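Participant: The opening residue of the sequence shown carries number 288 in this note's numbering; numbering runs sequentially from there.
Among the hints, a few may not be true.
To be verified - Okay, the calculated beta carbon distance ranges per label pair:
no., residue 1, residue 2, range
1, E531, K553, 29 to 37 Å
2, E447, D555, 14 to 22 Å
3, K553, R444, 26 to 34 Å
4, D555, P417, 31 to 39 Å
5, E302, V513, 19 to 27 Å
6, I291, S556, 36 to 44 Å
7, S402, D348, 25 to 33 Å
8, T446, E411, 20 to 28 Å
9, Y419, Q519, 22 to 30 Å
10, Y419, Q512, 37 to 45 Å
11, D568, P440, 47 to 55 Å
FYI, nobody ran anything at the bench for these hints, they're computed from the structure. Being a predicted model, the structure only gives us computed values, none of them experimental. Note that the Cβ used here is the ideal one computed from N, Cα and C, for glycine as well.
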Amino acid sequence: MGSIIECVGNTPLAELKKLNTNPDVRVFAKLEGNNPGGSVKDRAALNMIRSAIERGEVGKDVRLIEATSGNTGIALAMIAAIYGLEIELVMPANSTRERTLTMEAFGARVTLLESIEACRDYAEERGERPDYFLLNQFSNPDNYLAHYKTTGPEIWRDTEGQITHFVSAMGTTGSIMGNSMFLKEQNPDIQIVGCQPTEESSIPGIRRWAPAYLPKIFDASRVDQVMDVSQQDAVDMSRRLAREEGIFAGMSTGGAAAAALRLAEKLDSGLIIFIACDRGDRYLSSDLFG
288 MGSIIECVGN
298 TPLAELKKLN
308 TNPDVRVFAK
318 LEGNNPGGSV
328 KDRAALNMIR
338 SAIERGEVGK
348 DVRLIEATSG
358 NTGIALAMIA
368 AIYGLEIELV
378 MPANSTRERT
388 LTMEAFGARV
398 TLLESIEACR
408 DYAEERGERP
418 DYFLLNQFSN
428 PDNYLAHYKT
438 TGPEIWRDTE
448 GQITHFVSAM
458 GTTGSIMGNS
468 MFLKEQNPDI
478 QIVGCQPTEE
488 SSIPGIRRWA
498 PAYLPKIFDA
508 SRVDQVMDVS
518 QQDAVDMSRR
528 LAREEGIFAG
538 MSTGGAAAAA
548 LRLAEKLDSG
558 LIIFIACDRG
568 DRYLSSDLFG
């Protein structure tokens, strides 16, 4: 028994029994919504804050600040509360109300701006002040190292080394970078597949970044294939995951699942793991499940 921090990680795998129609390929969701903060971002938030404290970069005299589209902010607010740190989270104004209220419940200050790019600019400007510390998940190695140290080893252990393909949405790209690093060390033949929105689509948690905002932690050589997913495909798959598999998750999970199932149709055999990023209750005020 321990604190809530010790509940981060060791999330289960759930096999898709109905949506996957290829009997020679197995497809599993890694249920990151089972983390205490409700998403995969608990891992990065914990590693970024704890590592900064251990290096002596963060103390009670500074306020943490970070730009987020939602899940990272909730996770950071939770971890900051545990360590007794003040935090300001900067989020797009079109984010669901559940996100803002959850961050505030943990004691965070929330600032809403017009876009994630504007949020990043604001956070970086504040981060230059001596009374602020910018965590910067987009360029912070502690983001992807969280997955190198925890998520990748869990997947390797729980599949008994039989994984052939890893599929992940690409936002900050921390999940795909860290898992790629670990899994490729175990077996270079494992294929790493990222998914991004089609040009006209908007999918919370998955980004198609303009070059100026491409996360600095992203290394294209660590991704074997990138699959485009439409907004409608992500919405439809999120709904089908809930209704047919009992997996209640958000739109980025729907996008990753759509890519994983599309991949499964093309394979002769294999074991695919995709990241189910969060829980669906974070989207109930949107029209995702309407």
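Participant: Against the structure shown, which of the earlier numbered hints fail to hold, in ascending order?
Facilitator: 1, 4, 8, 9, 11
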